[in-house]
Amino acid sequence: MTIKIWKFFDREELYECYQCARCTGSCPAMEVTAALGPRGTILKCLNLGHEAVVQDEKVWFCCTCNVCDDRCPQQIPISDLLVALRNSAARRGNVPGRLLLSLELLAKTGRTMIVHQLDEMRAHHGLAPLPPAPVDEVRAILKRAGLEEVLDF
Amino acid sequence: MSEKTLPKAPRPQMNDLRIGVYVCHCGKNISGTVRCEEVARYAQGLPGVVLARDSLYTCSEPGQEQIKGDIKAHDLNRVVVASCTPRLHEPTFRAACESAGLNPYLLEMANIREHCSWVHLHDKDAATEKAKDLVAMAVSRAGRLAPQTEVTVSVMRKAMVIGGGVAGIQAALDLADAGYKVYLVERSGSIGGRMAQIDKTFPTMDCSICILAPKMSEAGRHPNIELLTLSEVTGVQGHIGNFHVRVLKKARYVTSECTSCADCISVCPQLAPDEFNAGLSIRRGIYIPFAQAVPSTFMIDMNICLNNQGIVACDRCFQACSKKCIDFADRDQELILDVGTIVVATGVDVYDPTSLTELGYGKFPNVITTLEFERLINAGGPSSGELIRPSDRERPKRVAFLQCIGSRSKRSNPYCSNVCCMNTIKDALLIKEHWPDTEITVYYVDIRAFGKGFEDLFQRARREGVTFIRGIPGEIIEDLATDDLTLLGENTLLGTPYRSTVDMVILSVGIKPRQDSELLQRLLNLATDTDGFYMEAHPKLKPVDTTTGGVFIAGAAEGPKDIKDSVTQASAAASRANILMSKGEVKIPAITAGIDPDKCTACGLCARVCPYHAIVGGKEEGLYRVIAAACQGCGACVPECRFGAIDQTHFTESQIVEQIDAALAGDPHKKILAFACNWCSYAGADFAGVSRIQYPHNVRIIRTMCSARVSPAWIERAFTKGAGAVLVSGCHPADCHYNNANQNTARRVERFWRRMEKLGINRDRLRLAWISAAEGAQFAKVIREMEAGLKTIKPAEIENAAKKLFREANKKSDAT
Ligand SMILES: Cc1cc2nc3c(=O)[nH]c(=O)nc-3n(C[C@H](O)[C@H](O)[C@H](O)COP(=O)(O)OP(=O)(O)OC[C@H]3O[C@@H](n4cnc5c(N)ncnc54)[C@H](O)[C@@H]3O)c2cc1C
Ligand code: SF4
Ligand code: SF4
Ligand code: SF4
Ligand code: SF4
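Chains A and E, in that order, are what the protein sequence lines are.
Mind the numbering: the first sequence is residues 1 to 153 in the numbering used here, read in order.
Mind the numbering: the second sequence is residues 1 to 816 in the numbering used here, read in order.
Take every hint as true, because none was put in to throw you off.
Stretches of chain A that chain E covers, calculated by requiring three or more beta carbons in the stretch to come under 8 Å of a beta carbon on chain E:
# : region
1 : 21-28
2 : 73-82
The calculated EDC-like cross-link candidates involving lysine to aspartate or glutamate, where the alpha carbons are at most 16 Å apart (straight line), are:
#  : chain 1 : residue 1 : chain 2 : residue 2
3  : E       : Lys68     : E       : Glu90
4  : E       : Lys249    : E       : Glu232
5  : A       : Lys108    : A       : Glu148
6  : E       : Lys410    : A       : Glu13
7  : E       : Lys721    : E       : Asp667
8  : E       : Lys599    : E       : Glu621
9  : E       : Lys410    : A       : Glu16
10 : E       : Lys410    : A       : Asp69
11 : E       : Lys410    : A       : Asp70
Since the hints were made in silico from the structure, they are not lab data.
For glycine and all other residues, C-beta sits at the position ideal for the given N, C-alpha and C.
Using the sequences and the hints given, assemble the complete structure.
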């Protein structure tokens with residue numbers, strides 16, 4: 001059985017995990033929410049298949065700090081796996097609403113947040129308004145990254 | 001083609017040859033696929049064959065009697081048995097020949113079971129044709145076989161044991177009790193090894209030094225044992241039965257009259273960390289490693305002694321010593337010792353967890369290792385057996401053990417260290433025994449309690465309240481005010497995170513090969529496994545032999561193991577050495593190399609590739625020669641000689657060339673000629689057979705002892721004869737049974753590839769593959785891939801390439 005998570009992960013890279021949990025023990029996301037647990041994610045990939053994992057919101061909690069990669073005795077590229085899982089999840093429509101909102105905004109305005117308030121604040125401090133965002137370039141990048149498969153923009 | 005490029009020694013007179021061929025049915029194992037009667041009829045027509053039979057079970061008593069009877073009745077001078085792999089029954093049929101008065105080296109076998117009937121189950125015609133080829137190859141080779149006598153070398157009745165841990169002590173005592181003189185060479189100031197450092201031993205919880213000390217003193221006073229401490233092996237020459245070992249015995253500066261009164265200690269101004277106490281205490285410049293040390297003689301550490309500049313700047317210890325046994329003039333000595341056998345028992349180092357920075361070892365005082373714990377809890381240790389934590393010397397109330405530190409990890413050692421699970425359980429119980437109110441938590445991944453009495457001890461620890469949590473902490477945080485430690489991790493069985501604070505953390509560190517184990521490996525021509533431990537000759541059936549004759553291994557140097565297993569192995573190694581020495585002589589298989597003095601130009605190339613330093617000589621002598629007793633018969637040297645001066649007994653050039661020619665006699669374009677080494681790849685092909693893995697039938701396998709025997713001239717011959725493809729296969733690089741001789745294989749094949757490229761020949765037709773004895777599936781896969789490749793090549797291309805190679809070879813030989 002090969003787990004097809006986007007194209008670049010297969011079982012061979014994961015089976016060496018023997019569930020020591022050093023990754024979860026080092027994971028800062030776990031401090032915020034006990035739910036992520038890279039160890040548990042890998043186990044689910046191995047035992048239940050990756051489809052079961054990409055339905056789960058938890059894959060979005062990883063902050064890609066790479067500490068788990070550093071400490072994993074088996075040198076499993078855990079944070080790469082989580083990125084791949086998020087890609088796969090996104091293609092299946094599993095994207096947290098707020099993230100989707102930011103993406104939409106990014107595609108439309110070239111920024112991840114609304115900035116007129118910011119401009120007012122800047123004016124108040126005597127700063128020039130922000131330069132216009134390079135919307136076309138940002139859109140081109142998003143296209144290259146395949147965002148169209150996830151979002152109409 | 002001219003005789004110049006395809007040379008052939010004159011064949012023995014055909015009418016002198018009287019070959020008997022026996023085609024075995026092996027019940028239905030062979031005859032179920034191969035038409036054995038047809039093969040026998042075919043054999044009958046081969047040159048030199050006077051009789052060919054098929055029989056139900058050739059290896060049975062009646063089968064062997066038949067052969068013996070025929071040898072006598074028909075005056076057979078060669079026997080060919082077509083049956084199972086020679087790795088199984090060659091000894092059987094050799095013995096049958098010998099008992100009928102035929103030299104055992106005049107037997108040849110054709111492997112028509114593992115390499116034919118079992119791997120072509122569904123194609124009876126092809127299997128039968130292949131069996132005929134294999135028989136023809138064997139008959140051709142048989143014509144070139146010569147009788148051999150195995151050389152006998154004497155074995156000196158003295159032994160050396162290197163390493164004085166519990167394994168070395170046991171091996172030395174066994175050999176000494178059996179009546180042999182034994183040199184016990186120990187690097188440190190005392191024998192005892194790791195076991196002397198341990199407080200109690202699992203699973204029985206015996207006091208370690210209490211059971212070891214009597215053995216140590218017995219070894220110290222045994223009349224047959226010469227104890228050489230502060231000594232190391234620096235050179236080894238010779239071979240099985242007759243080793244000349246150079247030993248450097250370092251100066252002790254204290255004579256054996258020392259009564260270990262310790263009057264000298266307190267006067268010495270110099271200090272150093274005490275190695276025996278894992279650096280947890282300090283010792284003086286003059287010291288004894290530990291109270292029970294054998295020999296019980298003090299020693300001076302010249303690295304720190306004030307007299308280390310060669311002048312006497314301090315003589316306080318000398319003055320304090322009433323027996324005046326301190327001798328600053330003592331010097332290192334070099335000894336040459338002659339022995340017949342050697343046992344290597346150099347033990348293990350302990351993993352240093354400093355590099356795992358997330359655990360804080362070396363930074364946080366209250367994180368210690370299990371080895372340090374052994375010394376802490378020992379009555380003779382730095383705290384006189386009181387459990388204290390280093391930061392404030394208080395007794396810890398909450399203790400955590402972390403398992404698999406430095407083991408089972410690609411970041412350190414990939415293997416399981418075998419002893420640390422039980423060691424932790426033992427340590428936890430020791431704490432509970434003395435201070436029952438201590439909270440103990442063991443963070444683990446798997447508990448490996450596999451030995452006798454181990455599970456019992458594990459259950460006992462749980463009963464006594466030790467908590468086991470599955471999940472190793474990812475990080476340890478130190479509280480700067482209290483020096484307490486907080487562990488962050490996940491309880492994987494509950495699926496919940498934990499954050500627990502303890503007073504002390506004990507890292508259950510793994511064990512690893514001695515840092516300098518490579519030195520002995522080189523001196524004794526040992527092999528090491530991928531983890532760096534010394535490798536046994538066979539993992540199941542020769543567990544204490546090494547690939548060097550007369551050298552044995554015991555204890556943790558062979559792989560992580562506990563005391564009981566170390567002692568068991570030590571006795572086994574001593575017994576194996578004893579067998580050699582009590583016989584007093586050994587027979588060397590007649591497969592050694594020989595150099596023709598008339599052809600040798602003393603260029604010395606062969607000596608450089610011999611992995612056993614078995615080729616000696618030089619320009620001054622005008623030639624090189626092979627020391628038969630040291631030669632292991634890999635054949636690596638033969639292809640190296642540009643003057644054709646070397647040949648290997650029983651694997652001669654002419655024998656193999658006969659096999660190549662016979663294999664390619666019909667339909668060469670369609671065939672894959674495979675060279676396979678005896679130990680790995682040939683065995684791997686056997687394993688494919690045993691596993692009934694099916695692969696294309698057009699492969700013909702020729703066995704050599706080592707892939708390094710495969711001569712580029714053979715590859716050339718195969719291609720000029722029109723072979724479709726050639727496979728050269730051997731053990732994986734680190735597993736070579738001849739000390740990495742197969743690096744020559746790789747070098748020669750690469751060279752041949754370059755030659756093919758230059759000539760515009762498709763280099764994919766020559767393949768190099770490393771296939772182990774366990775990789776039957778891999779062997780089949782390689783053949784399948786080669787067959788697929790062969791399908792894309794047109795006969796004209798093969799013809800063309802043969803001509804190019806032929807022409808080039810001709811040009812070359814014209815030039816010389
Ligand atoms: C912390 C710890 C706790 C353990 N607890 C237990 C236990 O409770 N029960 C149990 O059964 N096992 C235990 N073990 C395992 C046990 O220590 C080993 O099984 C045993 O020591 C192996 O004995 P050995 O003679 O092979 O090697 P060692 O004890 O390592 O002895 C090897 C000797 O060879 C010497 N030497 C090394 N290189 C050379 C050289 N080149 N030339 C000359 N001399 C050399 C060394 O100085 C040493 O004296 C423990 C191990 C550790 C690390
Ligand atoms: S640290 Fe590595 S081996 Fe351990 S559970 Fe995480 S991924 Fe698996
Ligand atoms: S001579 Fe060396 S060993 Fe002796 S007391 Fe002085 S420093 Fe110590
Ligand atoms: S013995 Fe136990 S602690 Fe040691 S490496 Fe093996 S599993 Fe880990
Ligand atoms: S290279 Fe091999 S065959 Fe040649 S002398 Fe050395 S051990 Fe013997």
